[in-house]
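There are 2 protein chains.
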Amino acid sequence: MVADSAVTIIVLVCVAVGLATAAWFAQQVAQIKVVPGHYDEHGSAKQTLLGKSVAEHKTEDDEGHADVFTISKAIAEGANAFLYQEYEFMGIFIVLFGILLLVLLGTCHNWYSGLFSTLAFFCGALTSVLSGFIGMRIAVFTNSRTALSARRGYEYAFDTAFKGGAVMGFALVSLGLIVLFILANAYYLYYTHAFSRDHADGQDQTKNMYEALAGYGLGGSTVALFGRVGGGIYTKAADVGADLAGKVEAGLREDDHRNPAVIADNVGDNVGDIAGMGADLFGSFAESATATMVISAQSPSLYSSWPAMSFPLVLSATGIVVCFFTSFVATHLIKVKRQQDVEPSLKRQLLVSTFLMTPVAFVLAWTFFPDDFIIQRGDELSTRKEVKNYYIFFTVACGLWSGLIIGYITEYYTSHSYVPVREVAKSCETGAATNIIYGLALGYKSVIIPVFCLAITIYVGYSLAGMYGIATAALGILSTLAIGLTIDAYGPICDNAGGIAEMTGMPHDVRDITDALDAAGNTTAAIGKGFAIGSAALVSLALFGAFVTTVNLAQVDILRPFQFAGLLVGAMLPYWFSAMTMKSVGEAALAMVQEVRRQFSLVPTDEHGRKDFARFKPDYAHCVAISTKAAVYKMIPPGMLVMLTPIVAGFFFGVEALAGLLAGALVSGVQMAISASNTGGAWDNAKKYIESGATGSGKGSEQHKAAVIGDTVGDPLKDTSGPSLNILIKLMAIISLVFAPSFPSIHSGGLLSQLFS
Amino acid sequence: MVADSAVTIIVLVCVAVGLATAAWFAQQVAQIKVVPGHYDEHGSAKQTLLGKSVAEHKTEDDEGHADVFTISKAIAEGANAFLYQEYEFMGIFIVLFGILLLVLLGTCHNWYSGLFSTLAFFCGALTSVLSGFIGMRIAVFTNSRTALSARRGYEYAFDTAFKGGAVMGFALVSLGLIVLFILANAYYLYYTHAFSRDHADGQDQTKNMYEALAGYGLGGSTVALFGRVGGGIYTKAADVGADLAGKVEAGLREDDHRNPAVIADNVGDNVGDIAGMGADLFGSFAESATATMVISAQSPSLYSSWPAMSFPLVLSATGIVVCFFTSFVATHLIKVKRQQDVEPSLKRQLLVSTFLMTPVAFVLAWTFFPDDFIIQRGDELSTRKEVKNYYIFFTVACGLWSGLIIGYITEYYTSHSYVPVREVAKSCETGAATNIIYGLALGYKSVIIPVFCLAITIYVGYSLAGMYGIATAALGILSTLAIGLTIDAYGPICDNAGGIAEMTGMPHDVRDITDALDAAGNTTAAIGKGFAIGSAALVSLALFGAFVTTVNLAQVDILRPFQFAGLLVGAMLPYWFSAMTMKSVGEAALAMVQEVRRQFSLVPTDEHGRKDFARFKPDYAHCVAISTKAAVYKMIPPGMLVMLTPIVAGFFFGVEALAGLLAGALVSGVQMAISASNTGGAWDNAKKYIESGATGSGKGSEQHKAAVIGDTVGDPLKDTSGPSLNILIKLMAIISLVFAPSFPSIHSGGLLSQLFS
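Protein sequence lines, in the order shown, are assigned to chains Y and A. Under our numbering, the letters of the first sequence match residues 2 to 758, in that order. Under our numbering, the letters of the second sequence match residues 2 to 758, in that order.
None of these hints come from the bench; they were simulated from the model. Any given hint could be a false lead.
The list cannot tell twin chains apart, which means a pair is met if one copy fits it or any two copies do.
[Stated by the list, open to error] Dumping the calculated SDA-like pairs for lysine to any residue here, alpha-carbon to alpha-carbon at most 25 Å:
1. Lys-630 to Phe-601
2. Lys-700 to Ile-375
3. Lys-427 to Thr-108
4. Lys-248 to Lys-427
5. Lys-386 to Phe-70
6. Lys-248 to Ile-335
7. Lys-427 to Arg-349
8. Lys-630 to Asp-68
9. Lys-348 to Leu-334
10. Lys-389 to Glu-430
11. Lys-706 to Gly-252
None of these values were measured; they are calculated from a predicted model.
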């Protein structure tokens with residue numbers, strides 16, 4: 002066992018390393034200058050990129066192109082405008098929800114809990130907003146620079162995109178950790194000093210304190226919900242609309258600068274895939290850390306040991322340093338030279354970080370826990386487990402390695418280097434219908450191994466240390482989060498870089514490079530989503546464990562009517578939620594298509610009656626406004642569904658029905674989320690595989706058209722409904738946990754039963 | 002309370018009514034003669050159909066057409082050939098599985114149980130095979146006659162199709178009931194007489210007897226699994242293949258006689274949608290009846306009362322008579338005169354049968370049960386319920402009316418008379434991608450209300466009478482099965498009639514009539530599927546209840562590791578299963594496309610180098626063989642998954658993990674099955690809506706092409722993977738129930754745990 006001060010030292014040092022790494026990478030990215038003027042002002046590189054002069058690369062419609070600076074500025078402005086509007090709406094909601102939380106907890110439980118929970122909730126929400134915003138800024142900053150670097154070859158482009166992603170990864174994890182650390186310390190001080198006069202039982206204080214701290218996770222996930230859903234609707238409405246009206250109808254290329262929806266599409270990558278995803282994973286981190294603390298506060302042997310209680314903080318902190326060394330492998334040891342190096346390099350990051358983290362987890366478990374301790378839920382002796390400190394290592398390692406396996410399986414199903422995606426690409430030969438059928442089947446199939454991994458992790462975690470084991474497994478999967486975020490952010494950065502290269506009329510070789518980087522990005526995005534849903538499943542289960550601990554439910558017997566009905570209805574919620582989000586994307590995309598058509602109808606015609614695009618100025622801002630409005634308004638109903646269901650269920654049907662509901666949503670949501678994101682990823686890469694010419698037919702062929710339809714269907718699946726489901730299951734669980742003390746008397750079966758009895 | 006002999010009298014009389022009704026309708030259908038020769042030999046009707054002479058209707062390519070007799074014969078031969086092959090394979094499997102059952106139960110439990118269970122299993126399998134076969138024969142018999150009647154107008158065509166469906170409905174229910182009745186009586190006699198020497202406790206004998214009787218349900222569902230999966234793969238491989246190669250590539254019409262896959266497509270409707278569906282619903286009936294008996298055999302106050310024990314038989318029997326009166330409404334009281342009458346008439350059947358059944362259920366519950374009785378699982382006092390006889394009425398009524406609501410909701414989401422399908426049709430304007438997105442969202446959304454209905458039914462059923470209440474609710478939903486089967490069979494009959502009309506070159510007006518009947522058929526097929534999955538959910542839960550009763554599990558606490566891991570893995574199984582079935586359809590369809598392409602490449606060309614289809618003889622038999630082979634071989638892996646998973650889980654991980662697995666598969670499978678069949682139904686009818694010209698663009702337009710893609714994707718969803726999921730959840734539950742006595746010692750956690758402990 003180590004001293005209390007060890008926690009402070011480790012956390013502060015690691016956060017310092019994290020922030021320094023982010024700053025260092027940011028400074029390197031910033032060395033590429035983006036200034037007004039045609040193309041870039043990159044000195045001699047301008048003439049000799051890829052060994053050819055720029056003149057050779059100019060295409061016929063080159064003249065119409067804006068420069069990188071202008072495009073980059075337009076994207077940044079669109080993203081800023083959306084985030085401000087989203088955050089404005091969210092701000093109102095967060096304040097109202099905070100008041101609800103305060104009043105419910107205050108009147109039904111006690112005002113101290115209400116106050117502290119609400120404070121933690123606001124801190125979490127604010128940190129999440131900041132995370133999303135910072136992530137977006139970094140991405141916008143890196144996109145144009147990646148496009149410029151792509152003119153110098155794979156090595157430079159990959160390096161820039163990777164470092165941009167790493168800036169986000171390290172900055173976010175460090176920020177989230179330090180805020181939680183400060184908050185936990187402040188609460189600890191306040192509860193142990195101010196409260197000790199009134200409360201005799203130290204463990205009760207500790208429990209109350211950590212329950213209040215769970216508000217931090219709630220705040221984080223609430224913002225993440227709207228970020229993921231709103232951002233997801235935004236990005237896919239723009240993407241689908243741009244594809245349908247521009248690519249399919251008008252025959253323009255992807256990211257053609259004459260497509261009015263193209264800026265909205267690129268803005269979407271930054272607000273949905275970056276800001277939304279950052280907030281999501283920050284939420285997972287905050288929830289897993291607080292869930293672990295709530296559960297361990299119930300342990301008679303852990304609650305009084307600060308080092309053991311703060312294990313989640315220390316594990317995440319050391320994870321930052323592990324990720325720092327891991328990132329060195331990509332930036333300094335084994336550099337990307339060719340297209341084929343990109344995917345292995347990103348995969349290596351996952352492998353190396355997992356490898357390095359394993360012994361670190363062992364040392365931490367060995368030193369931060371007593372040799373033997375007891376995990377137990379309240380007075381419930383049947384849940385009593387005698388745990389040895391190295392058991393915790395096994396649970397963490399289980400989570401860590403499950404995450405890696407899930408990542409690799411996801412890669413297998415979504416990368417066009419393997420059979421499954423190639424089969425999907427081949428099925429496009431017989432048209433869009435077989436493409437959709439094969440893609441759906443692929444998504445369903447890709448669920449099998451991840452679910453087994455999760456089931457084994459849950460079994461091992463629970464067997465060794467009860468619900469605490471599941472919570473620490475969730476910590477394990479998230480311990481290398483900085484690298485997870487890095488490779489997650491890498492994808493949309495490259496996607497945007499490609500867009501910028503196209504819009505500014507950069508040479509085709511440049512676009513080839515960004516396309517190849519982007520294809521790897523699709524795979525890593527799918528890996529990131531697999532990772533996010535895997536961690537969300539474990540986090541939700543840990544929160545579920547913390548919830549039943551808090552409400553003192555000894556068991557959730559699904560042979561009882563409320564529980565089983567809850568389970569069934571819970572399993573339905575992901576479908577309801579997905580129906581809303583998918584439909585929203587569809588409707589918003591239709592609005593976008595109509596706007597693009599309207600603008601195209603204004604294109605002046607030349608003397609032969611043909612459309613003369615050279616004299617056409619697309620109105621990007623209008624399309625941005627359509628996406629923004631659709632996203633902000635359409636995120637409300639699914640948001641309400643997720644936020645209010647557990648509260649309504651808890652109040653009216655009782656905690657037992659709610660427990661069933663949470664379990665149902667969890668087990669059904671996991672499957673849907675994994676299959677949706679893998680199906681979407683596979684369709685996207687099947688299209689890219691066909692475009693690469695590997696199947697014999699390239700862009701514009703019938704096979705390619707079929708692939709584009711699959712890609713378009715996959716968009717809302719992989720970037721809106723799929724990833725939002727992570728948050729659905731997490732958020733419902735943490736709302737239940739935070740509101741638990743205010744639910745009507747436990748075991749009463751809710752207000753409804755009381756009325757009838 | 003009534004006398005024991007009342008059961009015998011009611012069952013025999015009702016079965017007689019059912020068989021007489023079937024015979025009477027069959028005789029009416031048979032009055033339409035199908036004999037060799039061009040068109041039909043329908044006397045004067047030939048010249049004056051629809052007030053116009055046939056000559057006016059002849060199309061330019063009329064000469065190439067075969068006559069109704071020939072086409073009908075080809076379909077019948079194809080269907081026979083497939084069913085023989087399927088049953089041959091199934092026969093081997095059934096015998097092997099029967100031996101496994103005998104040996105496992107014999108060695109692990111006792112040989113008497115093994116013997117009686119296996120005998121019941123064979124009876125169930127045989128009855129199911131017979132049901133499927135009879136259904137197919139009736140459908141093939143009615144198809145051509147419906148096509149011929151369509152030449153005389155809506156009234157005649159509807160009447161023929163409806164009566165054909167009713168023949169199947171009444172025949173199947175009567176057959177299933179009488180076999181079960183005889184078997185139950187035989188077992189009752191044998192157990193009460195032969196066994197009374199060896200066994201002191203009468204209730205133990207009764208329990209053993211009904212557990213053995215559950216083998217009947219197992220046999221029925223095992224055959225249904227292969228029927229649904231094999232038939233589903235067959236029908237959709239042919240349908241998708243015919244559509245892709247014929248309609249999309251070669252530009253032929255639906256059911257064009259020059260398409261080599263067209264006979265296979267029509268055969269598919271009969272073997273998949275008719276034979277498979279008949280076996281499926283027979284399985285549901287057999288399982289719900291036996292599950293109810295197993296549960297009531299545990300009741301200390303019911304086991305010795307033959308009238309109370311045989312309530313499932315009596316309820317189903319009286320249901321036949323109720324359905325007999327209901328069918329009168331369609332055939333005699335309110336006849337179909339115009340297109341608009343078709344859907345209301347079918348819906349009215351559901352409503353009337355539900356209305357009539359309700360008082361009957363009340364009288365039966367009042368007379369067949371003691372005023373008060375006890376329902377309880379083994380010695381488990383916590384499950385003890387004091388039940389009044391009219392409680393049982395409420396549970397039955399809940400099931401009955403839930404079924405109706407589910408049917409109506411399904412109609413709302415899949416009929417093109419309402420907003421949802423019209424929205425999907427409108428989304429086709431922007432192409433196939435939005436069509437798919439909207440269709441998927443529609444399917445997800447359509448799950449909400451059915452799941453709430455099921456949850457309420459489960460809650461009410463359980464609250465009033467424990468697991469017995471859920472079993473009787475399942476009986477309720479299935480009590481009007483004869484009408485359910487009638488309107489279910491109606492759809493594929495009309496679909497085939499349309500095919501025959503097209504292939505024999507009947508006038509367009511005729512095809513318009515069969516198309517309109519078929520559109521209503523798509524909706525009723527979806528209603529039938531909603532009904533099938535709703536009943537399957539309740540039946541599975543009842544079986545689950547019977548299983549936990551048998552293994553004496555007091556609770557299934559999902560806070561425990563094996564149970565939760567089981568729940569998670571169980572929820573994944575429908576995905577795994579769907580991946581297999583969808584992919585099988587895709588692969589078989591590809592093989593079909595290649596065969597059709599090969600045949601088309603042989604079409605002789607005329608002097609201008611154009612294909613001269615008039616001189617082309619399509620080789621139907623080869624396409625039939627491809628579908629047959631694909632179906633028979635590809636049904637094996639998903640079949641194994643369903644059959645072996647519960648056995649493996651039970652043996653190696655114990656009954657607690659198995660209980661979690663069953664619950665997970667149930668709650669996840671229900672959602673997937675409902676959404677898959679409604680999505681598919683909606684796409685099909687959106688296409689029909691566009692074809693009707695209601696959206697301004699008709700056949701051949703871009704909008705129509707987009708709709709065809711949706712329809713093709715929907716085919717395997719609605720006719721292969723969706724409906725097979727019903728059987729997945731039922732079959733896993735009944736396998737668990739039947740094998741339960743042989744699983745290693747209860748509460749031990751399975752062989753795996755014993756190894757490690």
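Tested hints:
no. : hint               : result
1   : Lys-630 to Phe-601 : within (22 Å within a copy, 52 Å between copies)
2   : Lys-700 to Ile-375 : neither (62 Å within a copy, 71 Å between copies)
3   : Lys-427 to Thr-108 : neither (62 Å within a copy, 50 Å between copies)
4   : Lys-248 to Lys-427 : both (22 Å within a copy, 20 Å between copies)
5   : Lys-386 to Phe-70  : neither (61 Å within a copy, 75 Å between copies)
6   : Lys-248 to Ile-335 : neither (38 Å within a copy, 53 Å between copies)
7   : Lys-427 to Arg-349 : neither (29 Å within a copy, 47 Å between copies)
8   : Lys-630 to Asp-68  : neither (28 Å within a copy, 60 Å between copies)
9   : Lys-348 to Leu-334 : within (15 Å within a copy, 71 Å between copies)
10  : Lys-389 to Glu-430 : neither (58 Å within a copy, 64 Å between copies)
11  : Lys-706 to Gly-252 : both (11 Å within a copy, 18 Å between copies)
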